[in-house]
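*Asks:* Sequence:
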Amino acid sequence: MLCASSAEEAYNSVNIVTQALNSTFPLKTLKFKNKQKPKHFADQEAFILKNSYVTAQTKYEQTGNLRDKENTVQFKKSNEQSLKALRKNVFQFHLKNLKKVTSSMAS
Numbered sequence: 004m005l006c007a008s009s010a011e012e013a014y015n016s017v018n019i020v021t022q023a024l025n026s027t028f029p030l031k032t033l034k035f036k037n038k039q040k041p042k043h044f045a046d047q048e049a050f051i052l053k054n055s056y057v058t059a060q061t062k063y064e065q066t067g068n069l070r071d072k073e074n075t076v077q078f079k080k081s082n083e084q085s086l087k088a089l090r091k092n093v094f095q096f097h098l099k100n101l102k103k104v105t106s107s108m109a110s
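Per the working numbering, residue 4 is the first one in the sequence shown, and the count goes up by one each step.
Among the hints, a few may not be true.
Said to hold, decoys possible - Lysine to aspartate or glutamate pairs mimicking EDC-like chemistry, simulated, CA-CA at most 16 Å apart: (1) Lys38 / Glu48; (2) Lys53 / Glu83; (3) Lys91 / Glu48; (4) Lys87 / Glu48; (5) Lys79 / Glu48; (6) Lys80 / Asp46; (7) Lys62 / Glu73; (8) Lys91 / Asp46.
None of these hints come from the bench; they were simulated from the model.
Could you put together the complete structure from these sequences and hints?
*Replies:* Right, dumping it as structure tokens:
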């Protein structure tokens with residue numbers, strides 16, 4: 004390729020190498036799974052919980068105070084538990100609705 008006397012010769016040699024690589028190591032086709040999580044699983048309560056945690060975290064990052072860090076950790080723990088409960092309630096609600104729909108379709 005580097006010692007080719009013309010551009011056409013170099014192109015042909017690169018083309019041969021490319022074909023050899025493509026036949027030896029074929030391109031993989033990837034399938035992307037479309038995982039869609041519910042974006043809005045909760046109401047205003049979840050938004051308030053998130054904002055309280057973010058403000059506590061921002062305050063700790065600005066001050067570096069140990070008390071602010073403890074507040075941030077406390078907000079995070081309580082928020083995780085509350086959000087988990089909200090998700091569980093929403094899941095149960097959707098499950099009940101699904102059971103109602105399937106039972107009405109079977110009748």
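*Asks:* Determine for every hint whether it applies to the structure shown.
*Replies:* Hint check:
no., hint, result
1, Lys38 / Glu48, "violated (25 Å)"
2, Lys53 / Glu83, "holds (10 Å)"
3, Lys91 / Glu48, "holds (14 Å)"
4, Lys87 / Glu48, "holds (12 Å)"
5, Lys79 / Glu48, "holds (15 Å)"
6, Lys80 / Asp46, "violated (19 Å)"
7, Lys62 / Glu73, "holds (11 Å)"
8, Lys91 / Asp46, "holds (13 Å)"
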